[in-house]
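With the hints as a guide, dock the two chains, each given alone in a separate frame, to form the complex.
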Amino acid sequence: MDLSSLNIVVLLASLMVAATPILMAAIGELVVEKAGVLNLGVEGMMITGAVSGFAIAVSTGNPLIGMVAAVIAGAALALIFAILTQGLMANQVASGLSLTLFGLGLSALVGQGFVGVVPPRTPKLDFGPLSDIPVLGQIFFRHDMLVYVSLLMVLAVWYFLTRTRAGRILRAVGENHHSAHALGYRVKRVRVLAILFGGGCAGLGGAYLSLVRVPQWTEGMTAGAGWIALAIVVFASWRPGRALLGAYLFGGIMVLQLNLQAAGFSIPVEYLSMSPYLVTILVLVIMSSNRARITLAAPGSLGQSFHAAG
Amino acid sequence: MKRRQLLASSAAALGLAATAGTRAALAQSPMKVGFIYVGAVGDFGWNYAHDQARAAAQEHFGSAIETTFVESVPEGPDAERVMTQMALSGAQMIFATSFGYGPALNATAARFPDVAFEHATGYIQEHPNVSLYNARFHEGRAVIGTIAGRMTQTNKIGYIAAFPIAEVLMGINAAYLHAKKVNPDAEMRVVWAFTWGDPALEAAAAEALIDQGCDIIMQHTDSTAPLLVAQDRGALAFGQASDMSSFAPEAHLTAIIDNWAPYYIQRIQAKLDGTWTAGNVWPGLAEGEVLIAPYNDRVPAEVQAEADAMIAAISSGEYNPFTGPLNKQDGSVWLEEGQVADDGMLWGMDFYLEGIEGDIPS
Chain S
1 MDLSSLNIVV LLASLMVAAT PILMAAIGEL VVEKAGVLNL GVEGMMITGA VSGFAIAVST
61 GNPLIGMVAA VIAGAALALI FAILTQGLMA NQVASGLSLT LFGLGLSALV GQGFVGVVPP
121 RTPKLDFGPL SDIPVLGQIF FRHDMLVYVS LLMVLAVWYF LTRTRAGRIL RAVGENHHSA
181 HALGYRVKRV RVLAILFGGG CAGLGGAYLS LVRVPQWTEG MTAGAGWIAL AIVVFASWRP
241 GRALLGAYLF GGIMVLQLNL QAAGFSIPVE YLSMSPYLVT ILVLVIMSSN RARITLAAPG
301 SLGQSFHAAG
Chain D
1 MKRRQLLASS AAALGLAATA GTRAALAQSP MKVGFIYVGA VGDFGWNYAH DQARAAAQEH
61 FGSAIETTFV ESVPEGPDAE RVMTQMALSG AQMIFATSFG YGPALNATAA RFPDVAFEHA
121 TGYIQEHPNV SLYNARFHEG RAVIGTIAGR MTQTNKIGYI AAFPIAEVLM GINAAYLHAK
181 KVNPDAEMRV VWAFTWGDPA LEAAAAEALI DQGCDIIMQH TDSTAPLLVA QDRGALAFGQ
241 ASDMSSFAPE AHLTAIIDNW APYYIQRIQA KLDGTWTAGN VWPGLAEGEV LIAPYNDRVP
301 AEVQAEADAM IAAISSGEYN PFTGPLNKQD GSVWLEEGQV ADDGMLWGMD FYLEGIEGDI
361 PS
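So the protein lines, in turn, are chains S and D.
If you count by this note's numbering, then the first sequence holds residues 1 to 310, one letter each, in order.
If you count by this note's numbering, then the second sequence holds residues 1 to 362, one letter each, in order.
Because the hints were derived from the structure by calculation, they are not lab data.
You can trust all of the hints, since none of them are fake.
Among the chain S residues that face chain D by a calculated CB cut under 10 Å, a handful are:
(1) Ala108
(2) Val214
(3) Ser266
Only a predicted model underlies this, so the values are computations on that prediction, with no experimental measurement involved.
Ideal Cβ placement from N, Cα and C applies to all residues, glycine included.
Just chain D, same shape as in the assembly (with noise of 0.2 Å):
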């Protein structure tokens, strides 16, 4: 009886604390946020750039959050098992960041309808506590365009992209579009890896590439192996979701950074203030969530003026890297003069731009 007693007289406290406000609760108990990601955290690429932004978001928070994460979650069933088992576990905050998470967060997000789901590069929003976020990474694709355009001496560009979806097309499209702005001779070689993480695939598709006469690599895959064969083979690379000129400082010419933790401290600090809701976000250049490193040496200075121009026409909003006329492989019209590509256009770009040859595998 004494301890039902007890218990009984916490609750009670408790929720008291809760009706004197929030706030207070919640400075004595951090506010638990967990982050499922599909790879491991060290692979350089997209989730170490995740986890850089977690680790961002709870230094900036200090003790206010206590962030969890687990990593190598396959997409699926099992994602569903351990985003239930963060909710259980007190997660007020959940943030899953692959495509492929999309129908195992929402069966979750109906279970917990407290708890506020973000889910990176998704699509599926059935629940007012389902946020979708991602980034413009064709917005970077055009900037290292722009220096693959000038700096390719044998006017072939290798491309290695992972799967045939909008989004790596969109990469694929406004790399050879902007390369082809500043060099009418210049070409793109693609190669579909089938995989977003085989370094042994990766290196040998690199290869192939330098082999059959690009001097510059570009990749939509997570590892560093391609930089690592262009340095030994003598050719120029761009490094992927983050800062990868350790791996290869001759070869890497500049990358493309994946920079989440402006979006992560302020969702996490609009749910600590209890004004978090559901939105549908894609920021790039302009919000500072798509970064360009610094670049090589190598990269000669007009070239990176001409760079840093593009960055910021980009981010002022008076350049869209898809801007008319634009055609499609095939010779039809895609952009009319002057008309701008709107989001719904984008995700639903199945196609290669003119003057790229090959065919996009199904």
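Pulled out of the complex, with its shape left as it was, chain S reads as follows (with noise of 0.2 Å):
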């Protein structure tokens, strides 16, 4: 019953595994609002990947072919969202909502057969002595490849947006796209690239659930990852780094709580396990109210179909 009984190094290990599927699918959408649209069908790609991920992984018997599978299933789901907000000009909330519900009873059809079916398993990398270093090694060295992943991701669009030209196209598309636009920049391309590999780092965030976090195909099994990654990326101030820090930060709550509990804290469990969704809600509204937009550097384009004038 002492503060004693709580190991911080398996506190930090189990939070990496939570927050690992949010963290995928939250640096995705931070690339797609960069570019200025705002995709809230987050939870429908994520789920989409989770059960192709899933169905792939098992007839092949080869987990990773699974994970390529689920990357593609989400970015086709999302290529439908760029066929409606930038080719027929839908709007993007209502776009993202209906790719949302699109993507939930779509998952539940495809994984019909797949209920009760055990998946293979992912093996997880072999660091050798490394995995043996107090402390360190068991925070960072025994974990399975899409963690590491999830965090090369980070790096990679860290470095995409702030350090390449590509990056900086995509971040004036975002932030003025008729700007964008007048300077010779296809807007509407960039958007599209954004938007797929939006979709594909949800896709493989909803496959990380599907066939490493559970590992078995449930209908509805992201149960509102996908929010959570939405609210994660405004609340980071669309920063990689910060996402990062954020999906960290959720993932510790949960993983926390759930400790303190086994741990026998008295505890106001049912506050902490509303609090994510709480926050989600709360930055939701944020989001829909211009002037706070600006205060938290929101991309200029932010949710706004372009259309090319003249």
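This is the structure:
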């Protein structure tokens, strides 16, 4: 019943695992929003990735092929969103929401034959002696591959957005699509590519849930993770490093409250369980207000349709 | 005019058939029976168990009945819409299998007095065509609590609970009480998940419990995720609502199986015979509505025998899992020496028994 029963090393190691799916989805959505597009369909793309990755991994017996399939499936669903919002100029909020509903339904349909199936296991990376280093080894060198992939993704996105020409073009498109257009950048092409990237990331995050974290297919198994990822992007004020922090914070709250309960502490569980969702609602409300968006340094053209005029 | 005559004559024929005996009419067209589930039938837990029973009833009656189901129906107005639709499309009997369907079910029942409504785990019974049924899952918990008490090495048993309602508390208390009976050093650590099914959260909860030294995990949530975690981490666990041994052959010691089929068959038979009347039943191990799955070979023979003896004692009525003297967590007396908890006391359970640490969230 004392705090010493909480092993901080174990906590850190398990929060990294718990946060990985939302981190992946968040980093993808961050790029999408940096390009000026608000895709609320993260939950739908995640669960589509979860079911496709699971189905392909089971049919081929190879979890890696499953994960590639999850990326493709997430991107394919995102392509629908891209066609609707970039091609047909549909409202992004409505299209994103319908993408989530569509993804949930589609995944339930696809997943019917895969309920109760045990997927091939994803091997953990073997770091040899590194994993035996006290403390550090346990926190950093005993995870499955995707935990490291998610960290690499954060680094790569940070580098891309701040250090590469293509990344700056993407940000220009997001900040002011008319200016970017006037400079000769192809606003729609950049946005479609960003949307596809976001879909792929969300799909991979979903597959992490169904192939590594749980590993099992259950209808609706993402259980709101996509919405939390959306909130994290805003929480991070569109910065990759902060997205990592945000995801680990959310993952940390969950792991910590469960550990506190398991250790026999009396904590207000109901509030802690609610907290990620309360923050999500709050963030989504803030996003809908223009003034708040400016103060939070949101991309200037976020959520606006681009129509090339002249 | 011709068409109207035809309609009139066929109506008369139907009337004749009806007076000739409902049996004959039924033989021509199967009686429609509808089921609504709160989650997916593929959860391998609660909803799966109900759907297995539906399938068993369909097989039992063959062409005499036609069953349909709608899954993932949220509790609330949607449920009323689905039940109304079922009744309008000719269902003569509707099984609604979640606690929160109560208000919607009673509202629908008022509008369709000829349709028999059966509500699992419900408590609202406002109309003569509303029947309630439940199962004494805590009897099964007493059995697995015994096994857990005997098999824990660390003397810490983890319990993943969904919501702080009487039914869940009955399970926790029954499991703890019987683990403690065979192993006075046994402790129970309860984690409240505040969901009936979120595989990622349930997996994290199981991990947290194992990290805290628990080597046996029990769950009152619906997914198989905790079992898979237990298997990975070398801990032991129990299946929930159905035999989940195929998911974790090593960790799965046994499971509490919800077996609704006998009740469904009996009630549908009554409706077919025209003898259906509303009831309110709460069967358990004795009636076979709660079953214990085959034991894992890892359960020692003497523990299996002890568990079997408990099943027999509860089934014969010679032993009640909640028999005094029992104190509440705060030390106050709940049951006097030899006193047995009646159903009302069980449904009023909003406390831990003495010895369980921690607070129940409100």
